[in-house]
Amino acid sequence: MESASEEYTARQHYTESEKQTIFNDEFMPHIHSMYNFGYRLTLDRDDAKDLVQDTFLKAYRFVESFQKGTNAKAWLFRILKNSFINDYRKKSKEPNKVDYQEVETYYNSEDVDRQITPDLRVESLKDMMGDEISNALNALDVDFRTVIILCDLEGFKYEEMAKILDIPIGTVRSRLHRARNLLKEKLKSYAKTMGYNNA
Amino acid sequence: MATSPNPFIQADGKKPTCLEMLQLIVDDQATEEQRVYFKQHMDHCLPCYKEYNVDLAIRELLKAKCCGGGCPEDIVNQIKSKIKTISA
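Listed in order, the protein sequences are those of chains A and B.
The opening residue of the first sequence carries number 1 in this note's numbering; numbering runs sequentially from there.
The opening residue of the second sequence carries number 1 in this note's numbering; numbering runs sequentially from there.
These aren't lab readings, by the way, just hints derived from the structure by calculation.
Keep in mind that the hints are not guaranteed to be accurate.
As the list claims (entries may be wrong) - Under the rule of at most 20 Å between Cα atoms (straight-line distance), these lysine-lysine pairs were calculated in the PhoX-like manner: (1) B:LYS50 / A:LYS126; (2) B:LYS39 / B:LYS15; (3) A:LYS58 / A:LYS73; (4) B:LYS80 / A:LYS186; (5) A:LYS73 / A:LYS157; (6) B:LYS82 / A:LYS126; (7) A:LYS68 / A:LYS163; (8) A:LYS58 / B:LYS80.
Please model the entire structure based on the sequences and the hints provided.
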């Protein structure tokens, strides 16, 4: 499996008991984060369950590609992301809204950079007690959604995100910046519907 | 203005823009030294102060509303049972 073997090339040798210990002590504690990541990628709870189950079974099968005591969370997230792309996205119920390359090219344009941030106020955000933020996040293209989840919800560092997503650190930074601006644009339009005309 | 040397300045000597500093802070990738510097910088830079607070509010909303509430217990059991079968 490419996701497990690329990163950690030196194959480990574990006894059955060691495999169980790694699985229970290093992998299982991340199951809630993994499920949330799966859900935010697929936007479907049943698909998220399948994705998580598949990820953990792959992790167990390829546990000897994982070095005990290293960054299990990043390793698992990478497997889940690859499973999503390779196995799930092809048959996804979610239409592939925008071609990824097109998105990157468009949002890398200088015009977009100059627009920077929509003027959004803290006061309007504080009144968003419902599903506005969740809907705004879910409405982002999956590649932008992913970097927000990895950074803001899971606290990964640039380098870890680059490894999980197989992209350079510079791309992580620019994608995050653009994702934040897109999220703010969506939140601003919610704020307007809530009566904040100068949101 | 903040008087201590700017810890955001890279090896090539290029002075960072407000946006570049803000991004490292918001992405939670700044060093402690950079954090302290930026805090001082915000005392004198209203756009950074406003933007930082908006970004912070968004992050708090994300954490409060988008963490999903945990994995259903049946998956945990299903995974454990499949692992038992594989390793038996």
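Taking the hints in turn, this is what the structure says about them:
A C-alpha spacing of about 14 Å is found between B:LYS50 and A:LYS126, which places the hinted pair at or below 20 Å, so the restraint holds. A threshold of 20 Å between alpha carbons decides the hint, and for B:LYS39 with B:LYS15 the separation of about 17 Å falls inside it, so the pair holds. The suggested pairing of A:LYS58 with A:LYS73 holds, with an alpha-carbon distance near 14 Å, which does not exceed 20 Å. Between B:LYS80 and A:LYS186 the alpha-carbon distance is near 40 Å, which puts this suggested pair outside the 20 Å criterion.
For the hint pairing A:LYS73 with A:LYS157, the CA-to-CA distance comes to about 12 Å; that is within 20 Å, so the pair holds. For the suggested pair B:LYS82 and A:LYS126, the alpha carbons sit about 44 Å apart, so the restraint of at most 20 Å is broken. Taking the CA atoms of A:LYS68 and A:LYS163, the gap is near 18 Å; set against the 20 Å cutoff, the hint holds. As the CA atoms of A:LYS58 and B:LYS80 are separated by approximately 13 Å, the hinted pair is consistent with the 20 Å bound.
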